[in-house]
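Participant: Sequence:
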Amino acid sequence: MATVEEALALALDHHMAGRFAEADILYGRILEVDADNPHALHLHGVLCAQTGRLSEAVPLLRRAVRQSPLIADFQVNLANAHRAAGQAGEAAEAYRRAIALAPDRADAWNGLAAARQSGGDPAAALRLYDRLLRLCPEDAEAWIEHGLRLRRAARHADSADAFRRAAALRPAQVEAHGNLALALRDLGQPEAALRHARIAVALDPARPDALYNLAAALETLDRPGEAVSALRRVVRAVPEDAEAWSFLGGMLRRTGRIAAGRDACDRALALDPALLNALVNRAIVLQDFGAVEDGVRYNRRAAALAPDRADLHSNLLLSLHYSDRVGPAALLAEHRAWDARHGRPWAPRPGWRHPNAPDPERRLRIGYVSADFGYHPVGYFLAPVLPAHDRAAVEVFCYSAKTREDGMTRRLRAAADQWRSILGMDDAAAAALVAADGIDILVDLAGHTSGNRLPLFARKPAPVQVTWAGYVGTTGLSAMDALIACPRHMPPGSDETAVERVVRLPDDYVCVLPREQAPEVGPLPALENGFVTFGCFNNRIKLSGPVLALWARLLDRVPKARLLLKTHQFDDARVRDGLLAEFAALGGDPARVDLSGSAPHFDFPAWYNRVDVALDPFPYSGGLTTLEALWMGVPVVTLGGGDRFCARHSVGHLTAAGLAEMIAPTPDAYLDIAAGLAGDLPALAALRAGLRGRMAASPLCDGPRFARTLEAAYRDLWRGWCGAAQA
6 MATVEEALAL ALDHHMAGRF AEADILYGRI LEVDADNPHA LHLHGVLCAQ TGRLSEAVPL
66 LRRAVRQSPL IADFQVNLAN AHRAAGQAGE AAEAYRRAIA LAPDRADAWN GLAAARQSGG
126 DPAAALRLYD RLLRLCPEDA EAWIEHGLRL RRAARHADSA DAFRRAAALR PAQVEAHGNL
186 ALALRDLGQP EAALRHARIA VALDPARPDA LYNLAAALET LDRPGEAVSA LRRVVRAVPE
246 DAEAWSFLGG MLRRTGRIAA GRDACDRALA LDPALLNALV NRAIVLQDFG AVEDGVRYNR
306 RAAALAPDRA DLHSNLLLSL HYSDRVGPAA LLAEHRAWDA RHGRPWAPRP GWRHPNAPDP
366 ERRLRIGYVS ADFGYHPVGY FLAPVLPAHD RAAVEVFCYS AKTREDGMTR RLRAAADQWR
426 SILGMDDAAA AALVAADGID ILVDLAGHTS GNRLPLFARK PAPVQVTWAG YVGTTGLSAM
486 DALIACPRHM PPGSDETAVE RVVRLPDDYV CVLPREQAPE VGPLPALENG FVTFGCFNNR
546 IKLSGPVLAL WARLLDRVPK ARLLLKTHQF DDARVRDGLL AEFAALGGDP ARVDLSGSAP
606 HFDFPAWYNR VDVALDPFPY SGGLTTLEAL WMGVPVVTLG GGDRFCARHS VGHLTAAGLA
666 EMIAPTPDAY LDIAAGLAGD LPALAALRAG LRGRMAASPL CDGPRFARTL EAAYRDLWRG
726 WCGAAQA
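Per the numbering used here, residue 6 is the first one in the sequence shown, and the count goes up by one each step.
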């Protein structure tokens, strides 16, 4: 037999050539002859690790280390085997021994950082990567890994800097540009994100992850059609990529192809039944078809699979408001459950006190928090309030998480004293910013809607915290002190449905900036058409079975009338067909129903010039939709007496406009009011002609009046806190 050294050299040749079976046999024979040969033990352990035999690799490498503890290679490979076996603690110890032997060894620092990351200490991993990059500042791959860890830690600006370093070192590095695109998207720089995403695709046009990042950048810029094209290339290249199918489903929906979006989500869930994004997207498309309970079911499943995801739990809470199977007590319990899981754990320690000066009459710092500072109901509700605030009484801060600014964003920014972007900032950092600004009253404008920052409020960065205008009732958050409402939205006796103290403004719970681009109110359409057109421009999810059944009865009662329904979901033929089939099954005549899809934002109000009487859905009433109908001269018939905040939107708005006669106490009364309007066209025409002026003169459009009442509510809450703080 050859000497041990010759046999080891031959085994190593086989090993390096990829002939693992032959090398395995030779290493075994060498160890039969020389059981403590450190190099044979080491190389055999490395081969076992390479071939997935970790239970054999670790003991062999341990024996090699015992024989030669001062060889850094042995320590590193033992550490690598421990890490591959999921033994993060043992891996970290071996990496430390390697670093003690070779302090400049980059792979040991990298491995130690990875072990600390997998061991549940991401902060230590980031510190170790900082050390590694001081040793190897020209290592583009290390900068990419560091950037990924920074992004996971929500340090988006630092993450972008790391990816920029990688891209500068290796301009043709696809991963550097692709990840930089994601980081810039996190930072609210969508145009720059798109530029780097395109560079990555240009470098490797067939690379799926680069195409995926391109689609993400296009989504942020509201270019879903182009995102669909990129994602179709991904699923053609990798048809088993469930995440890409899910993303494609969401983008197809955004282009109006809702049924195709549902099919793509089904494909994703067939590949991965527990894929969270697919469950969320399928819940949304089901709701687009009006399947409220199915949407709830998928949202509940997603929340259960990811109990640490506050946003998924919020999706469930919002969807529950559309269901007539969930009563006020159940809604409250579900919201309290959110707080127990995602709110209370972040509460300040007992005994902690805010440093704000408890002077009850001083100028207050008011902070508004939203991702919807733009052309959104929140923007239209806030626009008349911000400039009307009494600057001697309050200083206004806005904390914006909006990804893209628009004309309304710029208007709101100009009306604020201070504007802060918290986009890409984690909740702890955002809470620290609020506290550093000395905010006295922090106002939530989202509740459990998309983009909310309720985990920020859970940390209680301000002495008084209020929810207003962006949600439909209680947040359930124990850290939220007050819910701004009115006597119609929260009538006497309903306080027990909210965790917060209910503060009732005298008129409505909001005022509104009417669309300045809205056309003039046209003549009553029925006078020209020869028939009355009832209309509803609310989301498809609000058009429940009981609503459609009542409207079918209305058409029976007013034989020549037609029903115009308009919402973006009706861009899809299968959604239209589903609505008409449901209407027919409920006894209605689908031939008398006209369906219209989306319209450009500023063109939407003009559609009310085709409607004589607007019909409000239930149990989720129209909000801004009702206000826009009134501004366009169209009276809205609503069903009063709802059991939840969102059921009483139109009740509040109509009362504030002086149109309480449009509020029906029962479904039969709803029919009486609507048919009565249709039966007296001269009176309906006169109402139409004067309705805009009537609304303009009402509290609904009186920003200064509303701002004074809101400030009075804020002051009352502040005095209460001061009294408690001084006690």
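Simulated from the structure, these hints should not be mistaken for lab results. Glycine residues also receive a C-beta, built at the ideal position from the N, C-alpha and C atoms. Heads up, some of the hints might be wrong.
Label-pair restraints from in silico Cβ distances [claimed, not checked]:
id, residue 1, residue 2, range
1, Arg699, Gly646, 46 to 54 Å
2, Ala309, Ala732, 41 to 49 Å
3, Gly646, Lys565, 40 to 48 Å
4, Gln423, Ala352, 25 to 33 Å
5, Ala717, Ala674, 31 to 39 Å
6, Glu143, Arg418, 50 to 58 Å
7, Gly332, Ser603, 29 to 37 Å
8, Gly725, Phe536, 54 to 62 Å
9, Arg358, Ala674, 48 to 56 Å
10, Gly57, Glu143, 45 to 53 Å
11, Ala162, Phe536, 56 to 64 Å
Participant: Given a hint of 45 to 53 Å, does the C-beta separation of Gly57 and Glu143 actually sit inside it?
Facilitator: violated, 33 Å
Participant: 54 to 62 Å was suggested as the range; check whether the CB atoms of Gly725 and Phe536 agree with it.
Facilitator: holds, 56 Å
Participant: Starting from the range 41 to 49 Å, see whether the pair Ala309 and Ala732 falls in it by beta-carbon distance.
Facilitator: Check passed, 43 Å falls within 41 to 49 Å.
Participant: Is the distance from the Cβ of Glu143 to the Cβ of Arg418 consistent with 50 to 58 Å?
Facilitator: violated, 42 Å
Participant: Could you say whether the range 29 to 37 Å given as a hint is met by the Cβ separation of Gly332 and Ser603?
Facilitator: holds, 34 Å
Participant: Is it true that the C-beta distance of Gln423 to Ala352 lies inside 25 to 33 Å, as the hint says?
Facilitator: Roughly 27 Å apart at Cβ, these two residues keep to the hinted range, so it holds.
Participant: Within 31 to 39 Å: is that where the Cβ-Cβ distance between Ala717 and Ala674 falls?
Facilitator: holds, 35 Å
Participant: Could you tell me whether the CB distance from Arg358 to Ala674 stays inside 48 to 56 Å?
Facilitator: Roughly 53 Å apart at Cβ, these two residues keep to the hinted range, so it holds.
Participant: Is the gap between the beta carbons of Ala162 and Phe536 within 56 to 64 Å?
Facilitator: holds, 60 Å
Participant: Could you tell me whether the CB distance from Gly646 to Lys565 stays inside 40 to 48 Å?
Facilitator: violated, 30 Å
Participant: Per the hint of 46 to 54 Å, is the separation of the Cβ atoms of Arg699 and Gly646 within bounds?
Facilitator: violated, 25 Å
Of the numbered hints listed earlier, those contradicted by the structure are 1, 3, 6, 10.
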